[in-house]
Amino acid sequence: GAVVSQHPSWVICKSGTSVKIECRSLDFQATTMFWYRQFPKQSLMLMATSNEGSKATYEQGVEKDKFLINHASLTLSTLTVTSAHPEDSSFYICSAREGKLAGVRVEQFFGPGTRLTVL
Amino acid sequence: AQSVAQPEDQVNVAEGNPLTVKCTYSVSGNPYLFWYVQYPNRGLQFLLKYITGDNLVKGSYGFEAEFNKSQTSFHLKKPSALVSDSALYFCAVRDMRTGGFKTIFGAGTRLFVKA
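Just so you know, the protein sequences line up as chains F and R, in that order.
Letter by letter, the first sequence follows residues 1 to 119 in my numbering.
Letter by letter, the second sequence follows residues 1 to 115 in my numbering.
Here chain R stands alone, though its shape is the one from the complex (with noise of 0.2 Å):
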């Protein structure tokens, strides 16, 4: 079955320092990868996604995403942390089996960033 874990509740990171939110899946056939962002009482918002090519891709707010296969996993990256940057994020992966309408979510990572 097509799963997504994010192992942290919660990462607590000093403003300019580099952050990381770990993302692992597990899927049948090639992964298509997603993170999206949460802020307060609001829907989504669309990061970046791997399809195929680099393993590391860029999105938005300067934020990326390094694939690896072997390792099942699609950590979130930022050099270096905004205290805006505190949200909610999650790795989702693409459920292709249905024809690539499902969206799996993980369970989400809670991001602090102290001033």
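Isolated chain F, as found in the complex (with noise of 0.2 Å):
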């Protein structure tokens, strides 16, 4: 199946820095990414929705200022983590699909999390 990397897998830093988080569809062409979050024993919240080569969509309560959404190429997108702050502190979660078309033929492919901790 198809496979999506995440680096790094976690990540410690101090709070007021700013942390890159990569997402790499590793054999497959991923015209849509997702990134969500994850608090401990809760479910994954979508954050953002991004297509390549455009703006990325946030949802409702997220700070597209904090969380800067890259998605340059059709194998790699990036979530930055502007000036971090110790509620920042969660595990987020890439998914990456193929193709450009709705609907559920078109799988949706999860990275491994990468866990970030902000003292």
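Watch out, some of these pointers could steer you wrong.
[Unchecked claim] Derived DSS-like pairs: lysine-lysine, alpha-carbon spacing no greater than 30 Å straight-line:
#1 R/K49 - F/K41
#2 R/K69 - F/K14
#3 R/K69 - F/K41
#4 F/K41 - R/K114
#5 F/K64 - R/K58
#6 R/K102 - F/K20
#7 R/K102 - F/K64
#8 R/K102 - R/K49
#9 R/K102 - F/K55
#10 F/K14 - F/K66
#11 R/K102 - F/K41
#12 R/K77 - R/K114
#13 F/K66 - R/K77
#14 R/K114 - F/K55
These aren't lab readings, by the way, just hints derived from the structure by calculation.
If you follow the hints, you should be able to join the two separate chains into one complex; please do so.
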């Protein structure tokens, strides 16, 4: 099946710094990528949807100036947490789908996640 | 609004016994339903999906799910549980109102299988 990788798998940073998380589709072209965050013992919360070459669509309540998403190529999307605070500590998971068609025929594949800890 | 409910935070099962993880949904239109499994510090792995057709859907690792339209349920089942099945399970529905781009997840159910 299709593989999605994330880097780094975990990161610890100081409050006020910025952190970049990369999401790559290794063997397919991901025209759409999704970014989720997951708090301990909670479900995944969709943060934003990004299509290659265009601006990301953010979910209500997600600060787009704080969580910068770039989907510059068909295999790479990045999430940058700017001026990180301890409350940004979470597990961030990306997901990618191949093709531009909507619907369930186009599968969604998930990365292994990145654990961010802000001190 | 589209929503998914997993009424049990945790399910405990003895190895070899059948297991059921419950899921109910609320959608407008035809439901597109999914089950995913998550192991510690890992992303989600796809188990199975229901789009149309047979109400009993078979998926990976011996799991199956039964779609019940009248009860708006999509319970995950396995005839004989393994210790290695212990993980976090998510039920999900695809929000077709947005062109099918959004997947809405339930809160998750943690499955513990005891040897």
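Results for each hint:
| no. | hint | verdict |
| --- | --- | --- |
| 1 | R/K49 - F/K41 | holds (23 Å) |
| 2 | R/K69 - F/K14 | violated (50 Å) |
| 3 | R/K69 - F/K41 | holds (29 Å) |
| 4 | F/K41 - R/K114 | holds (20 Å) |
| 5 | F/K64 - R/K58 | violated (40 Å) |
| 6 | R/K102 - F/K20 | holds (24 Å) |
| 7 | R/K102 - F/K64 | holds (18 Å) |
| 8 | R/K102 - R/K49 | holds (15 Å) |
| 9 | R/K102 - F/K55 | holds (17 Å) |
| 10 | F/K14 - F/K66 | holds (16 Å) |
| 11 | R/K102 - F/K41 | holds (22 Å) |
| 12 | R/K77 - R/K114 | holds (17 Å) |
| 13 | F/K66 - R/K77 | violated (41 Å) |
| 14 | R/K114 - F/K55 | violated (47 Å) |
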